[in-house]
Amino acid sequence: MSTEAVERRLYNALWWAKVQSAGPLEVDPDTPAVAGLTRAASPDGSTVWLVPTLPSGAGHSVLEELGAPPVAVEQPNETARLLAICVTCCWTDRSAPAWPGVTGTLAQIRSVYAGMRGRPEQSSDLTLIIGSLRRLHATHWIRWDEKTAEVRLGPRVVTWTATDLSTLRDLCRHLPEPPPAELSTRPEPESDERQEVLDD
Amino acid sequence: MDATLLDAEAEAAVLRVYRQVFAVLAREAGAMIVDPDLLDVDQAILDAFAEAGSDGLTVEQATLACRAYPHDMIVRRFEVLRQYGAITKLVDRPNELRHRAAFAPYVMLMFLRRMSVQGGQAELHQLLTLEAHSVSDPHATADEGKASIGRMTKVFRLLGNELAILVSTSTTAQLRENAQLAWGNERLIEQAEKVHRIVLERWPELHRDCTSLRMALAAYADAVQLAAGRLVERAGTTRALGLLPIETWLTFTRSSEPDALAAVLDGLLFDAAAPDFSPQTMVEAVETGRRSGSARMAPPRPTADADAPESAAATDREDLRAEAERVLAGRPEVDIVEVVDQAGDWITARRVLAELTAAHLHDELDYELVWSDGMRIDPTAGTPWATEGIFRRVAR
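Those sequence lines, one after another, are chains U and F.
By numbering that gives the first Met the number 0, the letter at position 36 of the first sequence is numbered 35, and the numbering carries on one by one without gaps.
By numbering that gives the first Met the number 0, the letter at position 387 of the second sequence is numbered 386, and the numbering carries on one by one without gaps.
Don't read these hints as lab results, they were simulated from the structure.
You may find that some hints are simply not true.
Calculated pairs, SDA-like style, for lysine to any residue (alpha carbon to alpha carbon, straight line, at most 20 Å) [as the list claims (entries may be wrong)]: (1) U:Lys17 x F:Ala272; (2) U:Lys17 x F:Gly266; (3) U:Lys17 x U:Leu53.
If you're wondering where the values come from, they're calculated on a predicted model, not measured in any experiment.
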């Protein structure tokens, strides 16, 4: 094996070890490609997420098939519902892939949540919503900015296949339509930012 | 019919060997063993006789030689073997204690051992090789070739039939247990085709028998394909790699050394363990969330049910009354022919007539539609044929 190949393997192994311990990684866009990792450029292009490429058929469904328990999460149903709502709010161009999507707001999420429940918002809802958003943020399903109360889809959504996306498209159609986003002050105007995201 | 004493004796000799051969499989006279461990006992007894030399053994000596097994079990097996003639008295006379063993049962035992390991596949391979030898022998005749082809046809038909029946009728678990029927099928078919080729080249007149062999081989190959297809289809994505049952995989993952596990996953990357949200789970979660939401909705008010039909009926009634009044236009009664002519064409007229009829039949409306016998015929009118009658207001 040539020295170059050895170095290549070492380089890959290093990144693999990092991903195995920490999950998806946000790195500088100049980082060379790593085998077995999918690159997901963040909307503004300043960073790149490295997400493991799962071999087809080797996802979490295998655990189910083997009867092994999946990784536990608190309030799994509530959290899954919140992820669905985040997808509705952040995935506006349903013909494009879910990543990177646009920025959604807490107000949108609360409105869709109440609509899904079919009743006016209750005081306990916000606690549930924030808790679920934090859990999803910690596992890289979404990026939740607590200070500005804004949410984006996380890098893990790049692993959704075309089949998954069509299921989600149906799901979004069944959920109430979110109100237009009123983003907090940003360096660039809202419409421009939206356009730029779609260009990516 | 011309069975001579000599023939009878030859048949008896063959039968005697059969009895000896199957002695090792007999549980007692007339039944088969159900416990494979008994074969070990048989083997121990026959081993003891082999060691004993030409003096033979008494029952006591045999049990002593096989003391690894329970005494009464040895005695019982000894008795069974003796009944089948696998063990006979050294000299056939009363009170003879020494016995000798025949060699045929031991051969059978060897054969059974091999069968139990390979399910008969190895034997089939060897038989096929032997067939190939015999048909390539320069002294072989066409009849021998024909017999050889016939035997192989039967073997492969039996194999293929068993497998095909299993595929169509049995459960996946049963099929998996019998998977050895499908093992090494390519080599088997290859060998059979080799014999087939040799025979066809040497004796072209046997083409008819060769055709049936080819058909049997094709049927067997099809059955193997079907069986493999069904096993793979039922095995799911994780087990499509091999035909192992799920428990085997779980045992493997639980009992393997880290190195073995690492070797399996070499080249696959999984990130830190994280909860998964597949779109299916999201759909289910949203559906259950929505259901719990709708359950909390306020129940409908009881009066709402009764109100709606009442108002619909009232609207209907008032519509009919308005139409009747429009037709009457303040008069107490009106001629139907006039109404029909006013309506113009028949399409409109029949709608007006339907409403007048409805007003006539309505319980709460005081109108009446009375038909008379006359008929107006006027080719120039919108509706040339019109039955005469009157529509009028009545007091009830």
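Cross-check of the supplied hints:
1. Annotation: proposed proximity of U:Lys17 to F:Ala272 holds, straight-line Cα distance about 13 Å (limit 20 Å).
2. Restraint check: the Cα-Cα separation between U:Lys17 and F:Gly266 comes to about 15 Å, which is no more than 20 Å; the hinted pair holds.
3. For the proposed pair U:Lys17 and U:Leu53, the alpha carbon gap of about 16 Å is at most 20 Å, so the pair holds.
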